[in-house]
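Numbering (our numbering), first residue to last: 322 to 658.
Hints may contain errors.
[Said to hold, decoys possible] The calculated EDC-like cross-link candidates involving lysine to aspartate or glutamate, where the alpha carbons are at most 20 Å apart (straight line), are:
hint: 1; residue 1: Lys485; residue 2: Glu461
hint: 2; residue 1: Lys654; residue 2: Asp634
hint: 3; residue 1: Lys589; residue 2: Asp627
hint: 4; residue 1: Lys654; residue 2: Glu338
hint: 5; residue 1: Lys526; residue 2: Asp646
hint: 6; residue 1: Lys657; residue 2: Glu461
Source of the hints: derived by calculation from the structure; they are not laboratory data.
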Amino acid sequence: MASHNIVVFAGDHCGPEVLKAIEADSPSAGKFNLQEHLLGGCSINAHGTPLTEEALAAAKAADAVLLGAIGGPEWGTGAVRPEQGLLRLRKEMGTYGNLRPCFFPSDALVDYSPLKADHGDDGREGFAQDTESYSRPEIERVARLAARLALARNPPAPVWSLDKANVLATSRLWRRVMSETFAREFPDLKLQHQLIDSAALIMVKNPSQLNGVIVTSNLFGDIISDEASAIPGSIGLSPSASLSGIPGSKCNGIFEPIHGSAPDISGKGIVNPIGTILSVAMMCRYSLRLPREADAIETAVKNVIDGGLRTKDLGGSAGTKEVGDAVVAELIKVLKG
């Protein structure tokens, strides 16, 4: 029987419960060995650093990492910040490709979407500068990841490459390498280039125009993926995966909801757990190679939403635990069915 070693950096705890349900009711999936470690603000409080060497070593040795939101105003923007731990974790694990799917987990949420059918800083000197740098190999590997994701669709999806090639030198290199890589290695895939500011407008006015796989640089992707997360109705629905390789091969990754730590509602038990649960589905699909279980999780989420159980951000009154427990119960039914 397969055994999967998962490092868990604390979140809302719905993710581990989903894994336990899979372990109990889908024996062929194997056994999940969960190791809990600290990351971010809680690690700063406990150890004086956002990521200990012990936690880093455990994450690098694991089959996958499940991450809750980190950060918060109490740690501010000082010399030691929660985000430094996450950035180091991503760098050390080599997770160069960040996937942030934008979709409706259930058609029942379409009416809740706000889009309707009718329509380097030192803190002292007053100057700051940041440098964005990309090399040809870095762009090529992201291009290949986007292409493989597009080819996994039936029929293959178009690929949209977003840049600012009319202004930035890095974007001109990005566009050139993207074009060359697709022409050389994926000539049958449709690659289209779009300026990031124009793409941001399209995302608001007619997001279906960008259906397919969007590939872009870190800064642009961070912004436009948050914009896209509003389409299903709540950022709390959106999962993400940071991958160290091409899906289908051995591919370690960090899986987390894209929402922040939400300090204004932290501890109230009302955070939407769906983003975390769907991140577990992505982990099963991309790192653990358990497509049946990934599909089952997504079906369970759809069934719960279709049944009308929703957290406050989606107009409901259910709490984090209530929704998480409902998804786990539904998942057990799906796996047994």
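How the hints compare with the structure:
1. Lys485 to Glu461: holds, 18 Å
2. Lys654 to Asp634: violated, 26 Å
3. Lys589 to Asp627: violated, 25 Å
4. Lys654 to Glu338: holds, 15 Å
5. Lys526 to Asp646: violated, 37 Å
6. Lys657 to Glu461: Not satisfied, since the Cα-Cα distance of roughly 42 Å exceeds 20 Å.
In summary, the numbered hints that this structure violates are 2, 3, 5 and 6.
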